[in-house]
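**Student:** This is what each chain is made of:
There are 2 protein chains.
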Amino acid sequence: MTKDGRAVTAQSEDFSAWYNEVITRAELADRGPVRGTMVIRPYGYRIWELLQEELDRRIKATGHQNAYFPLLVPASYLDREAEHVEGFAPELAVVTHAGGKELEESVVVRPTSETIIGEMMSRWISSHRDLPMLLNQWANVVRWELRPRTFLRTTEFLWQEGHTAHADAEDAMRETMLALRIYTEVARDVAAMPVVPGEKTPGERFAGAARTFTIESMMRDGKALQAGTSHYMGTNFARAFGIRYAAEDGRLETCHTTSWGMTTRMIGAVIMTHGDDRGLVLPPRLAPYQVVVVPIGRGEEIAAAAARVAERLAAAGVRVHVDDRPQHSPGYKYNEWELRGVPLRLELGPRDLAAASAVLAWRIGGEKENVALADLEEIVPRALDEFQDLLLRRAADFRAAATSAVDDWAGFRAAAADGWAAAFHCGEAACEQQIKAETAATARCVPNDAPEAEGTCVRCGRPSAYGKRVLFGRAY
Amino acid sequence: MTKDGRAVTAQSEDFSAWYNEVITRAELADRGPVRGTMVIRPYGYRIWELLQEELDRRIKATGHQNAYFPLLVPASYLDREAEHVEGFAPELAVVTHAGGKELEESVVVRPTSETIIGEMMSRWISSHRDLPMLLNQWANVVRWELRPRTFLRTTEFLWQEGHTAHADAEDAMRETMLALRIYTEVARDVAAMPVVPGEKTPGERFAGAARTFTIESMMRDGKALQAGTSHYMGTNFARAFGIRYAAEDGRLETCHTTSWGMTTRMIGAVIMTHGDDRGLVLPPRLAPYQVVVVPIGRGEEIAAAAARVAERLAAAGVRVHVDDRPQHSPGYKYNEWELRGVPLRLELGPRDLAAASAVLAWRIGGEKENVALADLEEIVPRALDEFQDLLLRRAADFRAAATSAVDDWAGFRAAAADGWAAAFHCGEAACEQQIKAETAATARCVPNDAPEAEGTCVRCGRPSAYGKRVLFGRAY
Chain A
250 MTKDGRAVTA QSEDFSAWYN EVITRAELAD RGPVRGTMVI RPYGYRIWEL
300 LQEELDRRIK ATGHQNAYFP LLVPASYLDR EAEHVEGFAP ELAVVTHAGG
350 KELEESVVVR PTSETIIGEM MSRWISSHRD LPMLLNQWAN VVRWELRPRT
400 FLRTTEFLWQ EGHTAHADAE DAMRETMLAL RIYTEVARDV AAMPVVPGEK
450 TPGERFAGAA RTFTIESMMR DGKALQAGTS HYMGTNFARA FGIRYAAEDG
500 RLETCHTTSW GMTTRMIGAV IMTHGDDRGL VLPPRLAPYQ VVVVPIGRGE
550 EIAAAAARVA ERLAAAGVRV HVDDRPQHSP GYKYNEWELR GVPLRLELGP
600 RDLAAASAVL AWRIGGEKEN VALADLEEIV PRALDEFQDL LLRRAADFRA
650 AATSAVDDWA GFRAAAADGW AAAFHCGEAA CEQQIKAETA ATARCVPNDA
700 PEAEGTCVRC GRPSAYGKRV LFGRAY
Chain B
250 MTKDGRAVTA QSEDFSAWYN EVITRAELAD RGPVRGTMVI RPYGYRIWEL
300 LQEELDRRIK ATGHQNAYFP LLVPASYLDR EAEHVEGFAP ELAVVTHAGG
350 KELEESVVVR PTSETIIGEM MSRWISSHRD LPMLLNQWAN VVRWELRPRT
400 FLRTTEFLWQ EGHTAHADAE DAMRETMLAL RIYTEVARDV AAMPVVPGEK
450 TPGERFAGAA RTFTIESMMR DGKALQAGTS HYMGTNFARA FGIRYAAEDG
500 RLETCHTTSW GMTTRMIGAV IMTHGDDRGL VLPPRLAPYQ VVVVPIGRGE
550 EIAAAAARVA ERLAAAGVRV HVDDRPQHSP GYKYNEWELR GVPLRLELGP
600 RDLAAASAVL AWRIGGEKEN VALADLEEIV PRALDEFQDL LLRRAADFRA
650 AATSAVDDWA GFRAAAADGW AAAFHCGEAA CEQQIKAETA ATARCVPNDA
700 PEAEGTCVRC GRPSAYGKRV LFGRAY
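Protein chains in written order, with our numbering: chain A, 250 to 725; chain B, 250 to 725.
Any given hint might turn out to be false.
Straight-line alpha carbon distances no greater than 30 Å define the calculated DSBU-like cross-link-like pairs of lysine-lysine that follow [as the list claims (entries may be wrong)]: (1) K617(B) to K582(B); (2) K350(B) to K350(A); (3) K582(B) to K309(A); (4) K582(A) to K309(B); (5) K309(A) to K309(B); (6) K685(B) to K350(A).
Which residues of chain B face chain A? A partial, calculated answer using Cβ under 8 Å [claimed, not checked]: (7) A316; (8) E368; (9) L395; (10) I628.
From the derived model, a few chain B residues whose C-beta atoms are all more than 12 Å from chain A [unchecked claim]: (11) A256; (12) T286; (13) F406; (14) E502; (15) A552; (16) E585; (17) D657; (18) G660; (19) A702.
Treat the hints as calculated values from the structure; they're not laboratory data.
We put the CB at the ideal spot given by N, CA and C, even for glycine.
Construct the complete structure from the given sequences, taking the supplied hints into account.
**Tutor:** Okay, structure coming up:
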């Protein structure tokens, strides 16, 4: 509890403190002993598992196969792609000793797997018949973080990384956009996050990519969070690792590759997209418990009725939990499950039972209402769908209200202070740097679906690049 | 192909060569670039995913929750449990540099997670109401291997590791046996491996455990493979990490903990339990493809009919694949899918189609037979069940034939040369060492369900320990 009796600090008071308190008190995660690492507790890990299921299903349905590549990569592999090693060298964890001896060649803990997968693809691909090669891996990666934040920037995180090889640029670009579409849909339909898919400016590209695409989401403090990225690598890695194939006419050609990833940072995104001053608010499709049943009073009859309700809801496909802890009052439980973001609560007391009803309470957006026990299988799934829609609508409204199209520097500064600015930009890296230095805002993306338009750069007045407005904002 | 035209070396000729060839040619795995690491290819990884699903479901159904703990552990954590560090120190991979600097304290890549989970449990557990704490983690671990063998002993492997804390020894032992029962069932009912559950002798215990239980399986070369272990830790780790709770009477008590793991070595076990001279033989419940449909001839009608058959089987819950590669003959495909261990094959040619039938071929144990297309939804799932049962029965018969109860040293030597010896043993570590030195056989386990019996030690003649016969064999 905070000093004034609230479960967590108010978002408006200190968003960062609010975030950390929600994570700890909702038992999502703890800090690990090694700097920047995290322990994902069961309640947080279940959110990840539910996201994994949704993502994995879509990845497989589009023809990708899961595989597993080694954690440990020879340090020399990273050197083969110049931009890649430059981007990752400062973040590497290096194993120098193993099996009781100093190693002859140091190995690094993978920060991402382009290099080792590139090496293996070069062994597996020989003919055009081997293409496209569509692989995905669920794994942990390590990038040493100087300013760690749980879920958002951690020394170790979990993710899936898709890696694919194609005969030509066109097929590889189709794949790059397919992955971006999967991410957009999962963010929207599962996490209730109305993300903006778009392309990164050259200065924000992945180290070694020819083009980087992203889905950008807005947090409730107006900052942006990159929630997934999809990269077209051109032939950069294929040349570095010799991924070549014999075309139908027998000529040896170089593959075009892609990679794309979504990580445990999505859990942080969900917290900051939907949470409020009472704590976490979970979209039903990611909620470990979609409904909590709180029996009121200790009678055996009530306990049996609560168990029966839970059984019926579980049979209807609802993730339900009965909080029958004898040591806590109903009020205590209400607060705790609100803090932990459970979408719906069913209160079941003797009077309710006598009336064959229960009290249904929404975490947000609904009044308490009496519902007939007989109709629960119908009412609860419908309420969960409505709750899911409500969160998406609410987040979309929030983002719309906090995004401004601006054409002058004063307007840009005001918009980027607590939201996003949609502005024309000249496309020069130095000008982007200047904007960042003055406002802390960076180019988040050139939105795929923004209307075509031309103008002058909001900072320097030169003609705009990209053929449309660019989204700028401060970011996690 | 081998010199005499077979796809792989015969088991009887060189079992080890056979094993390696099956792995490579069935595209299960490749060697990784760092010594002892492996790349699990999609076909091998799918077997792991299917095993994971079965195991994870049972782990959750018995009240355990998944969580995730950091890969990197402070080196000092391992020092806290004396036997544990002694057991693992020679196998550790040590990160000494990270983020471009030398670290002040070295961190190790987890070889197992007792220490970090012990540390976190000590923070999370305060009251008897927090117990039992039942956690499980799916993760990778690293143990530097001097004599690596794909799937069996690899520098990095994948596993689940259960870690639980309990109020007393009785509850912890119940948990230890529960995990062993889950492993026994998964091995038997999913992998068709008739394992022997039993207890390890003191010399074969996990480093830091009070008691270690195992499931031992017999490979087709007569050697044993430990396919899963479950450890009762007593209070060893709870004392080392301060995992204590306030009992109902307010007194501070020390927890009793357990841990238990099953790994990607199970894939190696499946290969060596069921494979034959034509390659891999997969139990249907772990087969990425349970049925392969091979269209004969290139007509559009055949292609459409094959697709329709596959659709119907998929709808009936069968994992089915149509091999429609135009560049290969049916015979080539038959050989390839036999090598890759697919349980059933459906051949579909113009004459079959005209007769509204197909030819069903079993990977082992059945004659080719004509089956009516109309009945496939009934015939195929039944054949898969029969195939699964057949593999289990065959493996049980093989093990029974290769296991001998022996009471003299000559008999022991003969039995342990190509199978298992069930013998009385004195229980002395020195005597076990002597047996190993002379025969390469080790005590695999004291089987849980062996009848009570006493005798004299097969090696030294002293009175038997354990109250029953001990299983000895050479092992992977």
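**Student:** Now, for every hint given, state plainly whether the structure supports it.
**Tutor:** Hint by hint, here is what the structure shows:
no.	hint	verdict
1	K617(B) to K582(B)	holds (16 Å)
2	K350(B) to K350(A)	holds (20 Å)
3	K582(B) to K309(A)	holds (24 Å)
4	K582(A) to K309(B)	holds (24 Å)
5	K309(A) to K309(B)	holds (24 Å)
6	K685(B) to K350(A)	holds (28 Å)
7	A316	holds (5 Å)
8	E368	holds (7 Å)
9	L395	holds (7 Å)
10	I628	violated (27 Å)
11	A256	holds (19 Å)
12	T286	violated (4 Å)
13	F406	violated (10 Å)
14	E502	holds (19 Å)
15	A552	holds (18 Å)
16	E585	holds (14 Å)
17	D657	holds (41 Å)
18	G660	holds (39 Å)
19	A702	holds (43 Å)
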